[in-house]
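> If you want the building blocks of each chain, they are given just below.
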Amino acid sequence: MLRTLGILALICAAAFGLHLVLDSIDAYWARIANLCGISILLAVSLNVINGLCGQFSLGHAGFMAIGAYVSAFFTTTLRYFDDAAGQYVTVLPLLDQSWGFVPALLLGGFAAAAAGLVIGIPTLRLRGDYLAIATLGFGEIVTIMITNFSKVGGANGLSGIPAYSNGFWIFTFAGICVLFTLHLQRSTFGRALIAIRENELAAEVMGIRTARIKIAAFVYGAFFAGIAGGLLGHFLQTISPATFGFMKSIEVIVMLVLGGLGSLTGAIIGAVTLTVLPELLRDVETSTGMPGIRMVVYSLVLILLMLFRPQGIFGQRELSLRLLRSLLPGRRKEGAPSAPAAFTAQQSVEAKTFFARAPQTLPPQNEGKK
Amino acid sequence: MTALLETRDLAMRFGGLTAVEKFCCSIEKGELFGLIGPNGAGKTTVFNMLTGVYKPSEGEIVLDGTPTTGLAPADISARGVSRTFQNIRLFDELSVLENVMAGAHQHAKINLLDALLRTGRYRREEESQREQAMRLLDFVGLGDRAGLPARALAYGHRRKLEIARALATQPRLLCLDEPGAGMNHAEKLELSALIRRIRDELGITILLIEHDMKLVMGLCERIQVLDHGQTICCGAPAEVQCNDAVIEAYLGAGESGRKKTADH
Ligand SMILES: Nc1ncnc2c1ncn2[C@@H]1O[C@H](COP(=O)(O)OP(=O)(O)OP(=O)(O)O)[C@@H](O)[C@H]1O
Ligand SMILES: [Mg+2]
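Heads up: the sequence lines are chains A and B, in that order. Residue numbers 1 to 370, in the numbering used here, belong to the letters of the first sequence in order. Residue numbers 1 to 264, in the numbering used here, belong to the letters of the second sequence in order.
Check the hints yourself; a few may be wrong.
Not everything, but these chain A residues come out facing chain B in the computed CB check (under 10 Å) [unchecked claim]:
| # | residue |
| --- | --- |
| 1 | Met1 |
| 2 | Arg191 |
| 3 | Glu198 |
| 4 | Pro278 |
| 5 | Arg282 |
Under 8 Å between C-beta atoms, here's a sample of chain B residues computed to sit facing chain A [to be verified]:
| # | residue |
| --- | --- |
| 6 | Leu17 |
| 7 | Gly30 |
| 8 | Ser57 |
| 9 | Gly59 |
| 10 | Ser77 |
| 11 | Leu94 |
| 12 | Met134 |
| 13 | Arg135 |
| 14 | Leu202 |
Everything labelled a hint here was simulated from the structure, so no lab data went into it. C-beta atoms are modelled at their ideal positions from N, C-alpha and C, and glycine is treated no differently.
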């Protein structure tokens, strides 16, 4: 406990140091570094749901959106046209000034976590592809609801969000998320998560409350995704439903797959790589005049992965986690020693010979007794 | 003696197929009870009903006086019934030690916050879970393999690890589904001794499914025989060995048709 608090203090100190460094370097690179911090939050939190617990979620951007909009709602002056009153109405921010940023962020996180709880429960009955589709639907519902919610700008988005995010806050939260996730992963709860991923039936029979653990994974992942969303909103200063579309969820998944699904360090490496790379490619985008090259890169990453792992990510079968996992180095099942195929039949033969040999005590024609 | 497990007229139907019917048994505390029968007799189905994997279509399961029929697997596990699986179901990517620790998850007296903040309580709990798991691994003879990933274990060792993991749930009744399958003679002897030690030293009641007749007959005090989902015999090994119906079930199966059907 004390040690954890010490590490947390160190994280804050390191984040502050980093903040000072980022302040002094080129704004372009500082921006990329900050976005890396947010990506780390996203990838590490999604890794708990997808990588550790094995629940394929495509709804991470939805949780982000909730966190972003809820936190921005509390820190932003909102001006919208009230139909009933027939005039513009102004709502002053509830959590004014920068001191209000952290409470607003946390509120965003909790709102996202609550959504995680709500989405977690009905998805318990769903596995694999069905779960992926349901969570995808959730993400879409969130963006559609925001689009139709004029108080937060609807489809036009919400602008004028104060620039409260900075290197300090971003890396403090990223550090906390990494530390907590590391602790989670190595604890009895982490083993339970992995047990569910590896063999859900066995986990349940061994007394692991799989439903509860799965929901907890969703809530935990959603919380940090919400925080990441809030940080991003106060970093970009303008958000719109499009910021949190389906592609954002895919982006985070590609980070995980690239780095190594189920591996914390992998998630971090994947997050950094796939944040830096497209930003660098912005130059290419402008010089070649080909907007959208980032998407090409994501596709390329996927294609290359598939080329090097002929099983393919979405494989002969479907979008299944085991497939994704088997793509990653060191994660391929090394032909687990299996029973000889015909061994049950063999055993039966053994039983027969046993009974054939044993009955010296039997009357010679036992069928005849009937 | 009191019955630890009693079942009354358990039945399991899959659509039109009746896998088990009128399954009654009574297992005493501390007993070593065998469940045998030809392939497809319904033995594993009985285990699945006892451990909550299947909800019985009919009948009742009573564990130490309280009914457990239709409870979720985790609830049944909490009441002290554990098992191994015929087709091994280990947590392959966890280490051997972690597999056993995962079996003890339900007994961990910490909450998520303890784990995230690594409180003193968390450390103590983790340490005791680790020690206990190590003891169990030594008990089944896998102590020297604790750090390996479970997937790297040889077949016989995987079966033993399943037993250790099941023991970690602190069961009163341990159901072993063909623990000797795929083992060689020496391994089976070892297994036989291990099962006896689980009963004698840990005082755990054992329900054993096994195709190796020597192993079952040598180990179990009572044996119930299933054939086509029906109980055809129950008694001491010596009685079972000489029972006509049993011999017929085993010798008749797969040969020139069943005498029983020919008679009627
Ligand atoms: N989930 C299921 N759905 C449909 N049929 C099933 C199911 N589980 C078992 N059965 C059927 O029930 C019957 C009994 O199967 P069970 O696995 O219990 O046999 P067993 O005695 O364990 O055989 P073995 O010695 O081969 O392990 C078989 O005919 C099997 O096909
Ligand atoms: Mg079976």
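> All hints are to be evaluated individually against the structure, with a verdict given for each.
Tested hints:
For A:Met1, the interface hint holds, since its Cβ comes within 10 Å of a Cβ in chain B; the closest pair sits about 4 Å apart. With its C-beta approaching chain B no nearer than about 4 Å, A:Arg191 sits inside the 10 Å limit, and its interface hint holds. Interface hint status for A:Glu198: upheld, as the beta-carbon distance to the closest one in chain B is roughly 4 Å, under 10 Å. At about 31 Å, the closest approach between the beta carbon of A:Pro278 and any beta carbon in chain B exceeds 10 Å, and the interface hint on this residue is violated.
Interface restraint check for A:Arg282: the shortest CB-CB distance to chain B comes to about 37 Å, outside 10 Å, so the restraint is violated. Proximity of B:Leu17 to chain A is violated relative to the hint, the smallest CB-CB distance being about 19 Å (cut-off 8 Å). Annotation: B:Gly30 was flagged as interfacial toward chain A, and the flag is violated, the nearest CB pair being 22 Å apart, outside 8 Å. Taking 8 Å as the C-beta contact cut-off toward chain A, the hint placing B:Ser57 at the interface is violated, the least distance being around 20 Å.
Proximity of B:Gly59 to chain A is violated relative to the hint, the smallest CB-CB distance being about 20 Å (cut-off 8 Å). Hint status for B:Ser77 relative to chain A: holds, with the closest Cβ pair at about 3 Å, below 8 Å. Taking 8 Å as the C-beta contact cut-off toward chain A, the hint placing B:Leu94 at the interface holds, the least distance being around 6 Å. The interface hint given for B:Met134 is violated, since its Cβ lies 15 Å from the closest Cβ of chain A, which is over the 8 Å cut-off.
Annotation: interface hint on B:Arg135 violated; nearest CB of chain A at approximately 17 Å, more than 8 Å. Against a cut-off of 8 Å between C-beta atoms, the interface hint on B:Leu202 is violated, since the closest Cβ of chain A lies about 17 Å away.
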